[in-house]
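Asks: The chain contents come next:
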Amino acid sequence: MNSFGSFAYCFHQGIKNIRRNKLFSIASVATMTACLFLFGIMYFILINVQYMLLEAETNVGVTVFFDEGIEDEQIANLKQRIEAMEAVRSVVYKSAAQTWEEYKETHLTDELAETFGTDNPLEDSASFSIFFESVEEQTETVAQIAMLPGIRKVNDTEDMVNTLTRLNRILSIGSVIIIGLLLCIATFLISTTVTMGVSIRRKEISIMHLIGATDIFIRAPFLVEGVIIGLLGACIPLSILYALYYKIIELIASKFSSLFSTLNFVNTSEVFQVLAPVSLCIGVGIGFLGSYFTLNKQLRNFRQL
Amino acid sequence: MSDWENVPASELQEQKIQESDPALESVSENSSRAPINPLDAPVIVLEHVSKEYDGTTENHALTDVSFSVKKGEFVFIVGPSGSGKSTMIRLMMKEISPTEGRIYVAGKDLAKLRKRQVCKYRRSIGIVFQDFRLLQDRNVYENVAFAQQVVGAPKRRIPKEVSKMLNLVGLSGKYKNRPTELSGGEQQRVALARALVNNPMILLADEPTGNLDPQNSWEIMNLLEEINRRGTTVVVVTHNREIVDRMQKRVISVQSGVIVEDKKGGYGHE
Ligand SMILES: Nc1ncnc2c1ncn2[C@@H]1O[C@H](COP(=O)(O)OP(=O)(O)OP(=O)(O)O)[C@@H](O)[C@H]1O
Ligand SMILES: [Mg+2]
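These protein sequence lines map, in sequence, to chains A and B.
Positions 1 to 305 (the numbering used here) are the ones given, in order, by the first sequence.
Positions 1 to 270 (the numbering used here) are the ones given, in order, by the second sequence.
Bear in mind the hints are in silico, worked out from the structure with no lab data behind them.
The structure presented is a predicted model; accordingly, all values stated were derived computationally and were not measured.
Glycine is no exception: its CB is placed at the ideal position from the N, C-alpha and C atoms.
Just so you know, not all the hints are guaranteed correct.
The calculated lysine-lysine pairs, modelled on DSS-like cross-linking and capped at a C-alpha distance of 27 angstroms, are [to be verified]:
{"no.": "1", "chain 1": "A", "residue 1": "297", "chain 2": "B", "residue 2": "112"}
{"no.": "2", "chain 1": "A", "residue 1": "203", "chain 2": "B", "residue 2": "264"}
{"no.": "3", "chain 1": "A", "residue 1": "203", "chain 2": "B", "residue 2": "115"}
To give an idea of the chain A side of the interface with chain B (calculated C-beta under 10 angstroms), a few residues [as the list claims (entries may be wrong)]:
{"no.": "4", "residue": "4"}
{"no.": "5", "residue": "6"}
{"no.": "6", "residue": "20"}
{"no.": "7", "residue": "27"}
{"no.": "8", "residue": "153"}
{"no.": "9", "residue": "206"}
{"no.": "10", "residue": "207"}
{"no.": "11", "residue": "209"}
{"no.": "12", "residue": "215"}
{"no.": "13", "residue": "217"}
Okay, chain A solo, but in the shape it has when bound (with noise of 0.2 angstroms):
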């Protein structure tokens, strides 16, 4: 068998297919590809506020500030206290000047810094920088810490990683529930092209059968028609969505502006080094078996005596 000829064959039969049954052909890529953008989307907020939650974990910590006047050797006393504490991980004490230093730096044009001259406005901006060995022990310590005499102010982080969290948890499931339907309305459209295209078919695949084409060669141009469908209903959708991650993240990061508090997301590569093979496999595997199934059904009616 020269299997290279047949797969020939086969692929242009289903492109035969395809073109025959245009319309039935066309719906099912825009709904897949409804679909799969859907999926894109979805999948970008996801991984970005995961990408936050774990941001917030390890780097953010809560911040604390000193009452006003404290001696550097009470701070000194108070670090030490702090550390010794269980859920402590670190504490990084950053002085007011750094701070100036800093907020210089990220947040004003040098002109502008200029005119504070040598003075900080940020006098009384001393903080420990607090790191915790895990989110959940957090609440407790920072309830112990904020009690502790010298200490004015505590910036803790959990609302926003708890929002984050059910944000995560409510995305999920409204993701899963959308897209599984996209996807049987998505199943159902290429499972009514495929069955159209064996009526149109049903004469020619009766005199296949009796000159002696095998099942699989009979079905090839159908599941080919299948997996192109998915193809295409997947590289569609990836390509804009691969165009437009970032004007996508960002025009959601504003519509959330209290929640997506850095504009540091996950970059294009490693969202698509998941995102392209996951949509793929989905779009190929539905077109597939999709056309597989529905092939069950509708050529049974064929199986000689």
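Got chain A; can you put chain B with the ligands on it based on the hints?
Replies: Using the frame of chain A, we list chain B with the ligands on its own:
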């Protein structure tokens, strides 16, 4: 590789017989036929075959039909319309199964072939249908090439084989036409080209000259005789008394589903 379609008809015959199919042996024991001589072996054997289409016993398409066709034989099946000739062809290609009796082709019991084997079997025979059964959405060339694609012939060999075949049936000028753009006789010749393009070991032709004028009919018959001379077993259903009388081959006459005569020579009575 033991694919039937890749083995030349002559070789295949011996190979299949030497396999000593138990089914075949039991048949030869039960029947009064002489022990099988591989050189004189029957390729097609029908044993007490009956076929009723709708299950009503009084309306048999075929009743207790038995005959065998030897390797390399040329056989006409004649009879009035509705006598069961096409039914025989359809049974032999396993398009339908007999209600009773057994059919062996190349030593294989057709009833025992599994689905895959049925495909292989059909690829090893060439069939011309009474109603042609061409693929309507493909042109003449593609229809013939299709038979080659089905057996997985190498892609670069297909154009050569197909054009050779279309030349042979005199249709090379119309290779681009769709079946709907052809006359009945032309469609018939496409069907014949499709049946022959794979060099089948057996050719089953149901009225291959039914729509042809005498001139074309003779050309087709000469072609079939040539194919037969090269080793293909040929079974032809026909109404054409003139041809049958002139060619002096074995003639099986059927009437109302029963074989009424089976002898070498002309069309016989009626
Ligand atoms: N699919 C079918 N269902 C029911 N009866 C059928 C079917 N096909 C054929 N028959 C009946 O079986 C009998 C034999 O039919 P068959 O087609 O074998 O005749 P034939 O000898 O080929 O006739 P013709 O020369 O007209 O082609 C006829 O009486 C016909 O009515
Ligand atoms: Mg007939």
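Asks: Which of the stated hints cannot be reconciled with the structure, identified by number in ascending sequence?
Replies: Violated hints (numbers, rising): 2, 7 and 8; every other hint is consistent with the structure.
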